[in-house]
Structure formats: structure tokens, C-alpha cells
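Colleague: As a plain string of letters, each chain reads:
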Amino acid sequence: MNSNIQAQGKQSTWKKFEAFLNKIGFNPLGLGILIIIAILPTTSYFSQEYIIRWMIMGAFLAAQSVAFDFTAGYINIVNFGFAALLGLGAYTSAIFSNTTPFIAVAPGLNPWISIWLGAIMAGLVGFALAMLTMRLRGIFAAVMAWFLGIALMGLVNNWTALTRGPLGMNPRKFLETTNNLPYFYIVFSMMIGIYIILRMVTKSHYGLAFKAIGQNLDAARASGINPTRYLVFNFTLSAFFAGLLGGFYAHYFGSLTPSTLMHTAKTVEILAIAYIGGRGSLWGGIAVAFPFVFLIELLRSNFTELPGLHLVIYGALMILVMIYYPGGLFGFYTWLKDKFQRK
Amino acid sequence: MAKDSMVRPAAGKSVVSLIKNKLPVFIVAIFSVILFAAIYIKGGNAQILNIFITGGMWALLAVGLALVFGVMNIPHFAHGESFMIGAYVAYFTFTPMQAYLYTNPSKFLSTMAPFGAILTAGLAGLLLGIIIERGIFAPLRHRTKEGWVMNAFLLTVGISFVLSNGANLVMGPNFRGISRYWDVDAVEIAGAYLSVDRLMALAISLVTIGMLWFFLRRTRIGRAIRAVSQDETGAQLVGINLDFIQTLTFSLATAMAAISGASLLFLFQAYPTVGGTPLYYAWYVVMMAGLGNVAGAIIGGFIVAMLQTATQVFVAVSWTTVLPTVVMILVLLIAPSGIFGSEVKGIQES
Chain Z
1 MNSNIQAQGK QSTWKKFEAF LNKIGFNPLG LGILIIIAIL PTTSYFSQEY IIRWMIMGAF
61 LAAQSVAFDF TAGYINIVNF GFAALLGLGA YTSAIFSNTT PFIAVAPGLN PWISIWLGAI
121 MAGLVGFALA MLTMRLRGIF AAVMAWFLGI ALMGLVNNWT ALTRGPLGMN PRKFLETTNN
181 LPYFYIVFSM MIGIYIILRM VTKSHYGLAF KAIGQNLDAA RASGINPTRY LVFNFTLSAF
241 FAGLLGGFYA HYFGSLTPST LMHTAKTVEI LAIAYIGGRG SLWGGIAVAF PFVFLIELLR
301 SNFTELPGLH LVIYGALMIL VMIYYPGGLF GFYTWLKDKF QRK
Chain Y
1 MAKDSMVRPA AGKSVVSLIK NKLPVFIVAI FSVILFAAIY IKGGNAQILN IFITGGMWAL
61 LAVGLALVFG VMNIPHFAHG ESFMIGAYVA YFTFTPMQAY LYTNPSKFLS TMAPFGAILT
121 AGLAGLLLGI IIERGIFAPL RHRTKEGWVM NAFLLTVGIS FVLSNGANLV MGPNFRGISR
181 YWDVDAVEIA GAYLSVDRLM ALAISLVTIG MLWFFLRRTR IGRAIRAVSQ DETGAQLVGI
241 NLDFIQTLTF SLATAMAAIS GASLLFLFQA YPTVGGTPLY YAWYVVMMAG LGNVAGAIIG
301 GFIVAMLQTA TQVFVAVSWT TVLPTVVMIL VLLIAPSGIF GSEVKGIQES
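Chains as they are written, first to last, in my numbering: chain Z, 1 to 343; chain Y, 1 to 350.
One or more hints might be untrue.
Claimed, not checked - Calculated cross-link-like contacts (lysine-lysine; reagent style DSS-like; alpha-carbon spacing at most 30 Å): (1) Z:K173 <-> Z:K23; (2) Z:K211 <-> Y:K145; (3) Z:K266 <-> Y:K145; (4) Y:K145 <-> Z:K203; (5) Y:K145 <-> Z:K337; (6) Z:K339 <-> Y:K145.
Hint data in this document are derived by calculation from the structure and do not stem from the laboratory.
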């Protein structure tokens with residue numbers, strides 16, 4: 001009898017734990033996979049520097065796709081200037097942390113502080129863009145975001161006194177070490193943090209409002225939701241995190257050029273990952289990004305005579321998913337779960 | 001197509017109320033006249049001619065976009081890739097002809113060869129349009145119409161990505177261009193020298209737009225296309241084959257973009273991402289004029305060319321992506337659905 005009570009107690013702690021996990025948007029399976037991913041770089045095969053680089057790339061793309069899906073999957077507006085907002089954050093942070101004489105100003109802030117300035121800058125531009133376009137219908141907002149992205153890229157290319165234009169800048173790194181492992185844990189924790197924050201938002205009444213707006217704007221308005229407020233909030237938050245991730249990029253790679261960072265093709269890559277992962281899931285992109293980076297890097301290193309093959313595969317997969325399996329990986333997971341629970 | 005649904009103002013309505021109703025159009029007209037004069041004073045005849053030539057090509061591209069959006073509600077993002085494919089096809093048909101003509105010169109043939117290349121590109125565009133519409137949009141359309149505008153937009157993004165990277169894969173990143181189509185001296189017009197190729201590009205785009213206009217206004221199938229753009233269900237009820245009309249519209253738009261790419265081969269060399277700039281300007285025109293407004297797109301093409309030329313004349317070429325975006329923001333503040341407005345059914349839905 002004693003053991004029975006103990007078992008019940010155990011079960012209730014497990015239940016409590018599960019409830020807590022559920023509250024911050026995890027389930028035991030997801031948490032397990034994340035822990036495995038976190039441990040992987042310390043194991044012998046994965047601890048090679050180039051593999052850790054891939055893992056960093058994977059976490060970086062995954063975090064981007066979470067922030068992207070927050071807009072695209074919930075309010076059904078594709079932020080087509082996502083990469084440009086990311087680049088804006090990267091450049092702002094790089095300029096504020098600059099100590100070299102190559103550009104006009106050298107405020108020399110610590111990179112750990114300047115990435116927040118970059119994020120705030122991207123958030124402000126996202127806010128302005130949202131204020132301008134959110135009273136229009138979705139497609140206008142998407143295209144305006146695209147225009148804004150092109151304009152920002154043009155600005156970075158032309159304002160050579162601050163950005164050195166197409167020559168690119170070399171912002172200083174977060175850490176002195178040349179070791180990649182610490183950077184992996186930085187971006188990994190950024191990814192988890194962004195995921196938890198955005199998941200908490202979407203689990204609140206905000207998330208419901210987002211979904212309502214995304215499905216039918218007029219119906220949402222008729223049921224008393226003020227769309228502009230929610231749309232602007234959503235867009236700003238997503239842009240803020242894009243800027244933050246841009247700051248990471250700047251201070252990890254230590255080199256920035258407009259075309260490798262802000263080009264529309266970069267947005268399309270994120271879009272493909274988020275959609276194959278399943279829109280409106282947030283975690284779908286994370287699940288897809290890691291295997292994708294490995295697949296792509298393997299394709300790239302094995303088919304050097306076919307440059308850009310991985311991009312074609314990206315696009316083709318996205319088209320196939322959109323036409324024949326719009327739920328993506330998330331849809332597959334829910335289908336599987338339903339099937340098991342019914343049995 | 002906005003013209004049909006426009007109600008004629010009642011007789012006796014004052015000029016003031018007319019201006020009030022069409023305020024954005026008037027503001028833009030006044031602004032355009034001022035800018036036009038300024039460009040003329042600073043840049044002279046050459047820049048004015050430049051406006052017309054650039055405007056002609058943006059108009060041709062934008063008309064295709066507006067048509068596809070108006071009839072099928074597809075915000076077409078792969079329009080630039082049709083341009084790219086047109087340029088490639090024209091290159092690969094024109095250079096062998098040129099080589100042949102080099103060994104056996106013939107005046108008549110060398111005048112006609114460019115037309116042959118451009119026409120081939122147009123046909124290739126038609127074929128590409130049919131393949132894309134039948135292979136990609138028709139399955140999606142038959143599966144669900146829910147959230148169509150956004151889904152179609154993303155699909156075209158995917159298509160554009162696949163086509164441009166596929167071209168990179170097959171053709172490599174090399175630039176393939178020609179110096180000129182017609183090997184004749186430049187013509188002098190009002191003190192400015194202009195190559196025949198540029199003049200022909202303008203003529204081709206005007207003739208193509210004119211033919212499309214005639215087709216839409218005066219033929220049975222054209223009427224059917226306009227009917228579908230106004231009301232799909234109604235069109236189906238009177239016996240219009242929806243699938244046929246949609247495939248036709250899409251392939252016409254693709255063919256126009258391909259013709260545009262082919263006739264501008266001397267200016268835009270064929271390479272995998274050549275479609276980016278034309279796509280940007282075509283979208284710019286369409287957003288400014290009103291999504292799906294075909295007549296507006298023609299005028300809009302020239303307005304945008306004017307803005308572009310003004311930036312080149314007064315600031316610098318490299319700013320042409322920055323300043324017009326600022327203007328666009330202002331336009332959308334005054335007239336959220338474009339200067340000439342758009343009355344497309346799809347706008348309301350998503």
C-alpha cells in the first residue's frame with residue numbers, strides 16, 4: 001500500500017513535470033530530442049569542427065524558422081523581407097560594436113550589448129512596416145516587406161561610410177576562442193529561448209487571435225478582435241528576433257556582406273524549412289532544419305560539379321509539400337499521433 | 001478591367017467632385033508632369049526617350065502580372081524567370097542564325113532573324129506557361145481554394161527558386177548576351193542617338209500590348225477571360241471552360257514575359273538570376289497601379305520608368321532600389337489599393 005501511494009506520488013510529479021513542459025511548449029519526446037542534440041557535439045564523431053559548424057548552422061536556421069513561422073504560420077502573412085530584417089540587425093550590431101577605423105564610427109560596444117540594439121532596430125523597422133501595411137490585405141504586406149528588404153539591401157550597399165557596401169565588414173566576435181563549441185551553445189540557447197517565448201505567446205489568447213486573423217480577417221474583426229493591434233504585435237516580435245539572430249550571425253562568422261545575408265533567396269530558404277516543417281507548429285522548422293543542413297552539406301560536398309543542386313531540391317520539395325501535403329512534418333506527426341491514440 | 005465596373009458619373013456632376021473621387025490619380029498626374037519637366041530640363045531629350053523605352057518594357061511585364069492576378073488571383077512571383085527563359089531561348093536561337101548569316105550574308109534574313117528569335121522565345125514561354133499551370137496550379141486549384149492567394153504566391157516563389165537555380169545547374173553562372181540584334185547605325189531622334197534595338201524593343205512591347213488589348217476586347221475568348229476575371233461561378237454558368245481560360249491566361253502572361261526577355265537580350269544578358277530586376281519593377285508597377293488592373297499597369301509602367309530615370313538623373317544609378325520604395329510607401333499611404341484602384345475578387349478573400 002505504501003508503495004502504491006509512492007507510485008501515485010511519482011506519477012503526480014511526472015504529471016506535474018509533463019504539465020510544466022506542456023506549458024512551455026514541449027512534450028517529453030521533443031525535450032528528449034533536444035537534449036540529444038545538445039549532447040551530440042561533445043561526442044567523438046560530432047565534435048569535429050566542421051560538424052559543429054553544421055550544427056550551428058542548423059540551430060541558426062531552426063531559430064530563424066521559428067521566428068518566421070510565428071508570422072507566416074499564424075497570421076498567414078509571409079514576411080518576405082525577413083532576411084533583410086535579419087541583416088539589418090546584423091549590421092546595426094556590427095556598427096555599434098565596431099572598434100576598427102575602417103568605417104566612420106567606432107562606438108566599440110560589447111557585442112553582447114550591441115546585439116540587443118540590432119534586435120531593437122529590426123523590431124522598430126518591423127513595427128513601422130506593420131503599421132504601414134497591416135491595414136492592407138496580406139499580399140500587399142508580403143510584397144511591401146519584399147520591397148523594404150530590397151530597399152534595405154540597397155541602403156547597405158550604398159551607405160559605404162557605415163557599411164563598406166559590397167566589400168563587407170568584419171565585426172568582432174563574441175569570444176576570443178577559435179573553438180566553435182561555445183557558439184553552438186549560444187545559438188542553441190537562443191533557439192530554445194525564442195521558441196519558448198513565442199510558444200508562450202501563441203498559447204495565450206494572443207495565439208487564438210492570430211489564428212483567427214490568419215484564417216479569416218473579416219470574421220475575426222466581426223467577433224471583436226482588433227486585427228491591427230495583433231498584426232503589428234506579431235510582426236514586431238518576429239522582426240525583433242530576426243534582428244537578434246542577425247546579431248549572432250555577425251559576431252559568430254565575423255564577416256558580413258549584403259548579398260550573402262540579406263538577399264531574398266535567404267528568406268526563401270527559411271520559408272522552405274518552415275513550410276516543410278509544417279506551418280503553424282513553430283517546432284516543425286526545428287525538426288527539419290538539422291537534418292536539412294546535414295543533407296545539404298553532404299550534397300554540396302559530394303556534387304561539387306553541380307553547384308546549387310541543394311537549392312533546386314529545396315524549392316522542389318517545397319512545391320511538392322505545398323500541393324500534396326500542406327501540413328508538412330507537423331501534419332504527419334498529428335496524423336501519426338491520432339492513429340496511435342485511436343488504437 | 002476596372003473600366004467595366006466603373007459607374008458613369010451622372011450628368012451635371014461638378015468637376016470638383018470628379019477630382020475628389022479620383023484624388024490619387026490627380027495627385028500623381030500633377031506630380032508626373034512636374035517630374036517629367038524636371039527630367040527634361042536636367043537630362044534633355046535622351047532621358048525622355050529613355051523613359052519611354054524603359055516604360056514600354058515594364059508595362060509589357062506588368063500587364064502579364066496584372067492579367068494573371070486579375071483572372072486567376074495568382075500573385076505571380078516567377079514572372080522574372082519567364083523573362084530569363086525567354087532570354088535564354090532567344091540567345092540559343094539567335095546565335096546560330098547569326099553564325100550562319102556571317103558566312104552567307106543576306107540583308108533580308110538578317111533583318112528577320114531577330115524576329116524569329118523573339119517569336120521562338122514567345123512560343124517557348126507559351127509552352128512553359130502551359131506546363132506550369134497544368135502541372136502545378138491546376139492540382140492545387142482542384143484540391144482546395146482555401147487561402148488561395150497566399151498559397152499561390154508561395155508556390156510561385158518555389159517555382160522561381162527552382163527555375164533560377166535549375167538554370168544555374170544546367171547552364172552554369174555564365175553570362176550569355178549579344179551586343180545587338182540589328183546591325184545598323186543608331187538613329188537620331190530630336191538630337192538624341194538611339195540604337196535600333198531599343199526602338200524595336202519599345203515597338204515590340206507596344207505591339208504586343210496592343211494585340212493583347214484587341215484580343216481581350218474584341219474576341220470571344222478575350223471576353224471569356226474578362227468574364228472569368230469578374231465572376232468565376234457566373235462564367236462557368238454561361239458555359240465557359242474555366243480550366244481552358246485559366247491555362248490560356250497563364251501561358252499568355254508567361255509568353256509576354258518571355259518576349260520581353262528576348263527583345264531585351266542586348267540589354268539584359270541571359271544568366272540564371274537575370275529575372276530579379278524585371279520582376280521587381282513589374283511588381284512595383286502592379287502594386288502602384290492597383291493589383292489586377294491591366295489598363296493601370298500600362299500607364300504605371302511609364303510612371304515607374306519616370307521615377308527610375310529621375311533617380312538616375314538626380315541622384316545615382318545605385319539608389320534606384322531605395323528611393324522608389326520610399327515613393328511607393330507614400331503612394332500606399334494615400335491610395336492603399338493603388339493609384340488606379342483594383343476591383344479584383346481575390347483581394348477581399350485574403
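Colleague: Verify the proposed pairing of Z:K339 with Y:K145, using a straight-line Cα cut of 30 Å.
Modeller: Given that 30 Å is the threshold and the Cα spacing comes to 27 Å, the pair holds.
Colleague: Checking one constraint from the list: CA of Y:K145 to CA of Z:K203, max 30 Å. Satisfied?
Modeller: Holds, at about 28 Å.
Colleague: Taking only the CA atoms, is the gap from Z:K173 to Z:K23 under or equal to 30 Å?
Modeller: Measuring from Cα to Cα gives roughly 35 Å; hence the hint is violated.
Colleague: Does Y:K145 lie within 30 Å of Z:K211 when you go C-alpha to C-alpha?
Modeller: 18 Å, holds
Colleague: Mind checking the alpha carbons of Z:K266 and Y:K145 for me, to see if they're no more than 30 Å apart?
Modeller: Holds: Z:K266 and Y:K145 sit about 28 Å apart, inside 30 Å.
Colleague: Would you check the hint for Y:K145 and Z:K337, treating anything up to 30 Å between C-alpha atoms as holding?
Modeller: 27 Å, holds
Going through the hint list in order, the structure does not satisfy hint 1, though it satisfies all others.
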